[in-house]
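Hey, can you work out the whole structure from these sequences and the hints?
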Amino acid sequence: MAEEQTRADSATSERQKSAEQERQSRAAREQMLRIVFTSEARQRLGTIRIVKPDLAESIENQIIQLAASGRLRKQVSDEELKQLLSTYQKPKREFKINWK
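Per the numbering used here: the sequence shown ends with 100, consecutive numbering throughout.
Note that these hints are calculated values from the structure, not bench results. Heads up, a few of these hints could be off.
EDC-like cross-link-like pairs, simulated, lysine to aspartate or glutamate; straight-line CA separation at most 20 Å [stated by the list, open to error]:
(1) Lys52 / Glu30
(2) Lys74 / Glu40
(3) Lys82 / Asp54
(4) Lys52 / Glu80
(5) Lys90 / Glu40
(6) Lys82 / Glu57
(7) Lys82 / Glu60
Distance windows between CB atoms, simulated [as the list claims (entries may be wrong)]:
(8) Ile50 / Ile97: 29 to 39 Å
(9) Arg15 / Ser77: 37 to 47 Å
(10) Ser13 / Ser58: 28 to 38 Å
(11) Arg29 / Lys100: 54 to 64 Å
(12) Gln65 / Gln21: 15 to 25 Å
(13) Arg49 / Gly70: 18 to 28 Å
(14) Ala28 / Glu94: 39 to 49 Å
(15) Lys52 / Glu94: 36 to 46 Å
None of the values given here were measured: they were computed from a predicted structure. Every residue gets a Cβ at the ideal spot worked out from N, C-alpha and C, and that includes glycine.
Put into structure tokens, the structure is as follows:
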């Protein structure tokens with residue numbers, strides 16, 4: 001019985017450690033995004049995150065990689081974010097209906 005309690009305690013502490021590590025990595029990511037994006041771009045990205053969270057995450061990952069590799073020289077503005085978003089959008093298909 002004491003052995004089961006020890007296992008339960010170690011499992012709980014492992015979960016707490018992983019939750020703490022995840023919280024720290026999330027905080028570091030948010031700090032990096034505050035540095036890399038202008039306030040307007042962060043607001044737009046927050047709006048996008050509400051509608052399409054996977055798209056927002058992929059854009060964040062791409063920008064963070066650019067910043068980490070040193071290829072990002074300045075903050076990403078709202079206009080630059082709009083241009084980046086347009087590259088992610090799939091072209092809309094046009095349908096032509098012929099009436100006979």
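Whether the CB-CB distance between Arg49 and Gly70 falls inside 18 to 28 Å: holds, 26 Å
36 to 46 Å as the expected CB spacing between Glu94 and Lys52, which holds or is violated: violated, 23 Å
Gln21 and Gln65 - C-beta distance against the hinted 15 to 25 Å: holds, 21 Å
Given pair status - Glu40, Lys90, alpha carbons within 20 Å: Roughly 24 Å between the alpha carbons, so the hint for Lys90 and Glu40 is violated.
Range hint 28 to 38 Å (beta carbons of Ser13 and Ser58) holds or violated: At roughly 34 Å between Cβ atoms, Ser58 and Ser13 fall inside 28 to 38 Å, so the hint holds.
Satisfaction of hint between Glu57 and Lys82, Cα-Cα up to 20 Å: Measuring from Cα to Cα gives roughly 15 Å; hence the hint holds.
Given pair status - Glu80, Lys52, alpha carbons within 20 Å: At roughly 19 Å apart (the allowed maximum being 20 Å), Glu80 and Lys52 satisfy the hint.
CB-CB spacing for Lys100 and Arg29 relative to the 54 to 64 Å hint: Holds, since Arg29 and Lys100 (Cβ atoms, about 57 Å apart) stay within the stated range.
20 Å Cα cutoff - pair Lys52, Glu30: holds, 18 Å
Agreement of Lys74 and Glu40 with the hint, judged by alpha carbon distance not exceeding 20 Å: Within the cut-off at roughly 15 Å; holds.
Outcome of range test on Cβ distance (Ile50, Ile97; 29 to 39 Å): holds, 35 Å
Given pair status - Asp54, Lys82, alpha carbons within 20 Å: holds, 16 Å
Taken one by one, the earlier hints fail for this structure at numbers 5, 15, listed in ascending order.
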